Amino acid sequence: MGDNLIYLFVAFLITWLIMAAYLWSIGRQVRNLRDEVQALENAELPAESPAPAPRRQEQVESSQA
Amino acid sequence: MKQGSTRGLPGWRFAQGVGVLAGVVMAIALYMAFVYAPADALQGDVQRIFYLHVPMAWVAFLAFFVTFIGGIGYLWKRHRGWDQLARASAEIGLVFTTVVLLSGSLWGKPIWGTWWTWDARLTTTLLLWFIYLAYFMLRSYVSDPERAARYAAVLGIFGFIDVPIIYKSVDWWRTLHPGPVVSTSGAAMPDSMVYTLFVALAATTLIYAYLLYQRYWIERTKDEIADYQYRMYERQLEREMREGATI
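Which chain is which? The protein sequence lines are H and A, in order. All residue numbers in the first sequence are consecutive under my numbering, ending with 65. All residue numbers in the second sequence are consecutive under my numbering, ending with 247.
No wet-lab data here; the hints were simulated from the structure. Just so it is clear, the structure is predicted and the values come from calculations on it, not from any experiment. A virtual CB, placed ideally from N, CA and C, is assigned to each residue, including glycine. Hints may be right or wrong, so weigh each one.
As the list claims (entries may be wrong) - The calculated lysine to aspartate or glutamate pairs, modelled on EDC-like cross-linking and capped at a C-alpha distance of 16 Å, are:
| # | chain 1 | residue 1 | chain 2 | residue 2 |
| --- | --- | --- | --- | --- |
| 1 | A | Lys109 | A | Asp45 |
| 2 | A | Lys77 | A | Asp119 |
| 3 | A | Lys222 | H | Glu36 |
| 4 | A | Lys222 | H | Glu41 |
| 5 | A | Lys109 | H | Glu36 |
| 6 | A | Lys168 | A | Asp119 |
| 7 | A | Lys109 | A | Asp119 |
| 8 | A | Lys222 | A | Asp119 |
Claimed, not checked - Estimated spans, in silico, between C-beta atoms of each pair:
| # | chain 1 | residue 1 | chain 2 | residue 2 | range |
| --- | --- | --- | --- | --- | --- |
| 9 | A | Tyr228 | H | Val10 | 32 to 40 Å |
| 10 | A | Phe130 | H | Gln38 | 32 to 40 Å |
| 11 | H | Ala21 | A | Tyr195 | 39 to 47 Å |
Extracted from the complex, chain H is given alone in its bound form:
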């Protein structure tokens, strides 16, 4: 019966290793996605600020003259 304890130990060990690896992988994905979202939010900020009104063609020509 004592010999069988190794199977019990290995079963729990493998299970918790798999669960820990899975949790770690999920945590890493969440972190990476948060970073990616943050980077995209930062990138879109200048686009959200009011852009200068486009100058009309005749205005451009008169300023050049």
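Using the hints, position chain A against chain H.
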């Protein structure tokens, strides 16, 4: 992209609470499995694998049931949320089924004298594992996300047919695998073992709920990022075309 944070998703705090609760209940379940529940008279301590193996199997079935519901929901409503839910749950189900197969094999060696036998329950469970592995392979091979979701939904629905077959396999075929330990007519073991089993089941279900929330957020955010990048690409293309026309 303002919804990209997990904190923006409804129930974020609740999910964190579920995660903490899952840890506490799992600690209680481990204490009960190793201290409170008696060793089996015939199998000895190795029988305690049961408190890991059975809840994992039940919750894997629950995960595939959620995938089944997600598949039906997607085919019916064509709303991507259903597909995200199905994807998230199928992955957790696959991980849990892997644990079921490994822990079952580690119990089988000292009790049956073999790591594996082509017994009806073992074979149908292995088949289930392959079905949901194929579910992810199919998703990765089909490049169009809408088509991938549709095909995966169909596979997720038909794949679930294997679950009741697994459950009834011990009745339908002569198998080595033990029959149901808890049924409507009562439990075939002492109360302390039944209580331990149910606490372990509660802990595993809470872990599943926590993982499902995280995985669902990942799937949703990935889709949102892909949509956003596609919109940006389209906008840039439009701008380039406009500039080209002006020149």
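These are the hints, each one checked on the structure:
1. A distance of roughly 14 Å separates the Cα atoms of Lys109(A) and Asp45(A); the hinted pair therefore holds under the 16 Å criterion.
2. For the given pair, Lys77(A) sits about 40 Å from Asp119(A) by alpha-carbon distance, which is inconsistent with the 16 Å threshold.
3. Under the criterion of a C-alpha separation no larger than 16 Å, the hint pairing Lys222(A) with Glu36(H) is consistent with the structure, at around 10 Å.
4. This hinted pair checks out: Lys222(A) and Glu41(H) have alpha carbons roughly 15 Å apart, not beyond 16 Å.
5. Distance hint between Lys109(A) and Glu36(H) is unfulfilled; the C-alpha atoms sit about 47 Å from each other, more than 16 Å.
6. Restraint check: the Cα-Cα separation between Lys168(A) and Asp119(A) comes to about 13 Å, which is no more than 16 Å; the hinted pair holds.
7. Straight-line distance between C-alpha atoms of Lys109(A) and Asp119(A) comes to about 14 Å, which keeps the hinted pair within the 16 Å bound.
8. Between Lys222(A) and Asp119(A) the CA atoms are separated by roughly 40 Å; this puts the pair beyond 16 Å, and the hint is violated.
9. Between Tyr228(A) and Val10(H) the CB atoms are about 46 Å apart, so this pair departs from the stated range of 32 to 40 Å.
10. Phe130(A) and Gln38(H) have their C-beta atoms about 39 Å apart, which keeps the hinted 32 to 40 Å range intact.
11. At roughly 30 Å, the beta carbons of Ala21(H) and Tyr195(A) sit outside the given window of 39 to 47 Å.
The structure fails hints 2, 5, 8, 9 and 11 (numbered hints given earlier, in ascending order).
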